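There are 2 protein chains.
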Amino acid sequence: MSGERLIYMPLGGAGEIGMNAYVYGYGPPDRERLLVVDLGVTFGDMDGTPGIDLILPDVAWLEARRDRIEGIVVTHAHEDHVGALGLVWDRLRAPIYARKFTAAIARLKLDERGGAPESALRVVEAWPEVLELGPFRVGFVPISHSIPESAGLVIDTPQGRIVHSGDFKTDPDPVIGEPFVPAVWEEIAKGGVRALVCDSTNVFSPNPGRSEASLVDNIEALLREAKGMVVATTFASNVARLQTLANAAMAAGRSVCLLGRAMRRMVETAIDTGLLTQFPKVVSPEDASQVPRENLLLLVTGSQGERRAASAQLASQGYMGLSLKEGDTFLFSARTIPGNERPVARIMNQLSEKGVDVIDDAGGRYHVSGHANRPDLERFHDLVKPQFLIPMHGEHRHLREHMKLGEAKGLKGIVATNGMMIDLSGNAPKVAEYVETGRTYLDGGVLIGAMDGVIRDRMRMALNGHVVVTLIVDEKDEPLGEPWCEIMGLPHKGRGNSDLVEVLEAELSQFIGRAEKRTLRDDERLEKEMIRIVRQASQAEIGKKPEVTVVVSRLA
Amino acid sequence: MSGERLIYMPLGGAGEIGMNAYVYGYGPPDRERLLVVDLGVTFGDMDGTPGIDLILPDVAWLEARRDRIEGIVVTHAHEDHVGALGLVWDRLRAPIYARKFTAAIARLKLDERGGAPESALRVVEAWPEVLELGPFRVGFVPISHSIPESAGLVIDTPQGRIVHSGDFKTDPDPVIGEPFVPAVWEEIAKGGVRALVCDSTNVFSPNPGRSEASLVDNIEALLREAKGMVVATTFASNVARLQTLANAAMAAGRSVCLLGRAMRRMVETAIDTGLLTQFPKVVSPEDASQVPRENLLLLVTGSQGERRAASAQLASQGYMGLSLKEGDTFLFSARTIPGNERPVARIMNQLSEKGVDVIDDAGGRYHVSGHANRPDLERFHDLVKPQFLIPMHGEHRHLREHMKLGEAKGLKGIVATNGMMIDLSGNAPKVAEYVETGRTYLDGGVLIGAMDGVIRDRMRMALNGHVVVTLIVDEKDEPLGEPWCEIMGLPHKGRGNSDLVEVLEAELSQFIGRAEKRTLRDDERLEKEMIRIVRQASQAEIGKKPEVTVVVSRLA
Numbered sequence: 001m002s003g004e005r006l007i008y009m010p011l012g013g014a015g016e017i018g019m020n021a022y023v024y025g026y027g028p029p030d031r032e033r034l035l036v037v038d039l040g041v042t043f044g045d046m047d048g049t050p051g052i053d054l055i056l057p058d059v060a061w062l063e064a065r066r067d068r069i070e071g072i073v074v075t076h077a078h079e080d081h082v083g084a085l086g087l088v089w090d091r092l093r094a095p096i097y098a099r100k101f102t103a104a105i106a107r108l109k110l111d112e113r114g115g116a117p118e119s120a121l122r123v124v125e126a127w128p129e130v131l132e133l134g135p136f137r138v139g140f141v142p143i144s145h146s147i148p149e150s151a152g153l154v155i156d157t158p159q160g161r162i163v164h165s166g167d168f169k170t171d172p173d174p175v176i177g178e179p180f181v182p183a184v185w186e187e188i189a190k191g192g193v194r195a196l197v198c199d200s201t202n203v204f205s206p207n208p209g210r211s212e213a214s215l216v217d218n219i220e221a222l223l224r225e226a227k228g229m230v231v232a233t234t235f236a237s238n239v240a241r242l243q244t245l246a247n248a249a250m251a252a253g254r255s256v257c258l259l260g261r262a263m264r265r266m267v268e269t270a271i272d273t274g275l276l277t278q279f280p281k282v283v284s285p286e287d288a289s290q291v292p293r294e295n296l297l298l299l300v301t302g303s304q305g306e307r308r309a310a311s312a313q314l315a316s317q318g319y320m321g322l323s324l325k326e327g328d329t330f331l332f333s334a335r336t337i338p339g340n341e342r343p344v345a346r347i348m349n350q351l352s353e354k355g356v357d358v359i360d361d362a363g364g365r366y367h368v369s370g371h372a373n374r375p376d377l378e379r380f381h382d383l384v385k386p387q388f389l390i391p392m393h394g395e396h397r398h399l400r401e402h403m404k405l406g407e408a409k410g411l412k413g414i415v416a417t418n419g420m421m422i423d424l425s426g427n428a429p430k431v432a433e434y435v436e437t438g439r440t441y442l443d444g445g446v447l448i449g450a451m452d453g454v455i456r457d458r459m460r461m462a463l464n465g466h467v468v469v470t471l472i473v474d475e476k477d478e479p480l481g482e483p484w485c486e487i488m489g490l491p492h493k494g495r496g497n498s499d500l501v502e503v504l505e506a507e508l509s510q511f512i513g514r515a516e517k518r519t520l521r522d523d524e525r526l527e528k529e530m531i532r533i534v535r536q537a538s539q540a541e542i543g544k545k546p547e548v549t550v551v552v553s554r555l556a
Numbered sequence: 001m002s003g004e005r006l007i008y009m010p011l012g013g014a015g016e017i018g019m020n021a022y023v024y025g026y027g028p029p030d031r032e033r034l035l036v037v038d039l040g041v042t043f044g045d046m047d048g049t050p051g052i053d054l055i056l057p058d059v060a061w062l063e064a065r066r067d068r069i070e071g072i073v074v075t076h077a078h079e080d081h082v083g084a085l086g087l088v089w090d091r092l093r094a095p096i097y098a099r100k101f102t103a104a105i106a107r108l109k110l111d112e113r114g115g116a117p118e119s120a121l122r123v124v125e126a127w128p129e130v131l132e133l134g135p136f137r138v139g140f141v142p143i144s145h146s147i148p149e150s151a152g153l154v155i156d157t158p159q160g161r162i163v164h165s166g167d168f169k170t171d172p173d174p175v176i177g178e179p180f181v182p183a184v185w186e187e188i189a190k191g192g193v194r195a196l197v198c199d200s201t202n203v204f205s206p207n208p209g210r211s212e213a214s215l216v217d218n219i220e221a222l223l224r225e226a227k228g229m230v231v232a233t234t235f236a237s238n239v240a241r242l243q244t245l246a247n248a249a250m251a252a253g254r255s256v257c258l259l260g261r262a263m264r265r266m267v268e269t270a271i272d273t274g275l276l277t278q279f280p281k282v283v284s285p286e287d288a289s290q291v292p293r294e295n296l297l298l299l300v301t302g303s304q305g306e307r308r309a310a311s312a313q314l315a316s317q318g319y320m321g322l323s324l325k326e327g328d329t330f331l332f333s334a335r336t337i338p339g340n341e342r343p344v345a346r347i348m349n350q351l352s353e354k355g356v357d358v359i360d361d362a363g364g365r366y367h368v369s370g371h372a373n374r375p376d377l378e379r380f381h382d383l384v385k386p387q388f389l390i391p392m393h394g395e396h397r398h399l400r401e402h403m404k405l406g407e408a409k410g411l412k413g414i415v416a417t418n419g420m421m422i423d424l425s426g427n428a429p430k431v432a433e434y435v436e437t438g439r440t441y442l443d444g445g446v447l448i449g450a451m452d453g454v455i456r457d458r459m460r461m462a463l464n465g466h467v468v469v470t471l472i473v474d475e476k477d478e479p480l481g482e483p484w485c486e487i488m489g490l491p492h493k494g495r496g497n498s499d500l501v502e503v504l505e506a507e508l509s510q511f512i513g514r515a516e517k518r519t520l521r522d523d524e525r526l527e528k529e530m531i532r533i534v535r536q537a538s539q540a541e542i543g544k545k546p547e548v549t550v551v552v553s554r555l556a
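If you're matching them up, the sequences are chains R and H in order.
full-length UniProt numbering puts the first residue of the first sequence at 1, with every later residue one more than the last.
full-length UniProt numbering puts the first residue of the second sequence at 1, with every later residue one more than the last.
With the rest of the complex left out, here is chain R (with noise of 0.2 Å):
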């Protein structure tokens, strides 16, 4: 066995909350077999990723070493871990591996983007099932998340066992779904476990987490008192949330309608794999209209404040016939993400205008974090006793936290972010190699790479603005005309009230009057000058440098 290696490699994931892709590798140095958890997608913004849909890891390396690829498994079904299958798997082409309710999302996802056939995705049964990939025996081990049929893996190798945590906390009564059982994880730990590579998301969250158990009583009693009607967000993946509201609702005699794609999507998908069985018949957009106010609660997508779901929707003019006023509830049953603080405060105040009323989640009434905090993640260290502690799922203050943690309890490991090759052998995790990686923009219908100008170029145009400089040369490389200007996103008006283009055009006219043969005669040098001219009198007239285009047209 000497002359093999166990190797870990994140290629996304860690070094960020988003986009997971783990690798795992067993064998010979640049020959390992390779088995891959995880193919997920991160979301942009208009901050760093203007008109970005979807962001998911750089695949290069792996589709450079596709035939060393035993497979793919997922570990559940939420966008960060599932989301990019359909929009890689054409390069990878390796089997996909995944609990059924997971599947059936990926099955989803595949159909959305691009796609797989039907045999390369595989439903497997849970632990103490195992899968054999090559060198990989795998385990799914039902782990509690704030999403059903999430698997903890254990992965076991010529080298020893490793844990892989996936999301997840410690919540003996997740309402729908899998507990999390102490017992299971200390019988896995009987052997040993050479490395626990684990969730660290709550890692700051001093206190123990809290059950999904524990909201049914508040959201209850919410809904019970609630004069008007009531609106619930959450993420459409958080099934057990779903019901805990619906049983509410029962509870407090309102129907249920459902708005949102994804909402229904998940819904059906929970109730065609058999995990919602108690979910009540719900009413459609059309009959809730007609149901008393006080007689519906409506569950809605868009908790994160995005543009066009349902939340905002409602927020502003009304959807599918429904409409908020004075005396409805609105419930962000729902953490916000860090980041997305600003379009969620935009629907609470929308809503505020509506005289509606906001309730959030600011006192921990009404949503429970799906991750484990900082004491949790402590119990699962002590019931795994890994030989190394190797933190992912998080952003860098994340895992460097995390890792203080284990390291106070005498545990060794090792941060490694996106790209760094994780040699497992030895006595310690020490750095193989350093990858290139990065990620990949799925922009409108194609995939852009995030290093190749395209993002730099529009966020230059979003704060410079953009002037084109146009202007025609004859066969005598004579100037035809004066050059024209044209702006976009700029002011038309300069400091003195005086128009930008007239300033900008009299400015090249009369560089190009004086302009000599040989610099009429070069393209790129007449391009360099009008640039130079442009950004300069911009700056003197509005106090900024725009982008500049020029294009020269020369008569043949």
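Since the hints were made in silico from the structure, they are not lab data.
Treat the hints loosely; a few may be bogus.
A pair holds if it fits inside one copy or across any two, identical chains being indistinguishable in the list.
Quick list of in silico lysine-lysine cross-link-like pairs, DSBU-like style, CA-CA up to 30 Å [as the list claims (entries may be wrong)]:
| no. | residue 1 | residue 2 |
| --- | --- | --- |
| 1 | K409 | K354 |
| 2 | K430 | K100 |
| 3 | K412 | K325 |
| 4 | K354 | K100 |
| 5 | K517 | K190 |
All values derive from a computational prediction rather than experimental measurement.
Mind docking chain H on chain R? Use the hints.
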């Protein structure tokens, strides 16, 4: 007195947190004499206002009535109350009144942007001194906040007394500056208060606010126990916090070094105006690099993650010869303003990568808010006992919640947002008029209207990219050569790996080749058609519709 009325109208700050600008008026309708309270700014962001440096209230309404303005009074020196003075003074040309320190900061603002003559800015003494301004008698009552010399205003009019709270908290021990003194407000309330116009910022904070003094021990302990260099960031204007940090540094045997222009300027101004008398002698950045790390405290700008501020630079390469390393400590002694989470997290992660320990205000140990919390507001209502409560300084949800809080105790009032002119003369406040208001953007060196379309165009280019099409048409209305495309902020390759520019040019050439003479003669039609073709072809090729600029050059 019949036929005269007392009015209140926010032009900014009511329906948002930022760019405060309030107007009071007294006199016959449409001939009221006017009093302006505060002229502040808010900050742009990539999300909604890319490239915009500052946002200020549209003062067109005031400008059209500037002969009726008795004065501009400034409650305190925060940017959101004083920042627009320099940008709009020239349009209003009314005298500005402020207390000494506030006036010193206002003078800097005036000099920085446009400016006003020395004589325009007048220093006033605090209550019980009062200022006679037409029908108004205005008193500046010291009140505690997160900046020294903050004032609540007592505005006496022929129709009674108004209390304009300004930004405030009920701190009995603010370290630097004046405490909140209940007896003063009781005295002010004695003769009856017609209206309390009141800060709403922290209405959702359920517990009584804590005193600045409560931080002293925590901060001192932190500075004593830290091993390496300590960096602390807070708002430069939080002079009390700077003093607390400096005191702790002295106690811990650390020299203080100020980094960032705003930080140095604020400390200088506070010393010059006699507010800071105990501040230690600071070391220059050059000398600081000679001081042992464990004997140094850097006080730095950039607590909100501002890209060019000292915090951001220290987190990446370093700043003025100083850089951070493993074992150093970085303290965020400030709240992250909603919307700034992402840039702040970016800095925290960069620091984490360097091995720097980051301490934020999560536990409330190193920061207290400058605004009155919910119970403090109730206490203030009880002291002032107004006939009407009018919430200000808040988003709509804050104003509404504040009004509900007052109503629960039997107060009458109204939620008044920007542009709502409220008549305070009768038995209940009522809307007299809706005035058109808006936002003005400072873009580079030019002021533009929020609705001018400039920012809309920038956002569109950022989301969709920009295609520039040029076409030359000769004297006989025949196309000269082919249409030419340039793209900016768009993928170069389409779905089928074809070149986007080539595809667009081929489509355009085909159209031009077939175009009838009357189309070629008609600029408008040519433009419209070519835009349609580019957008349609782009949608097919890359799945998105770009912005398009068409330049048709006609040889005459």
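- So which hints don't hold here, by number, going up? 2, 4 and 5
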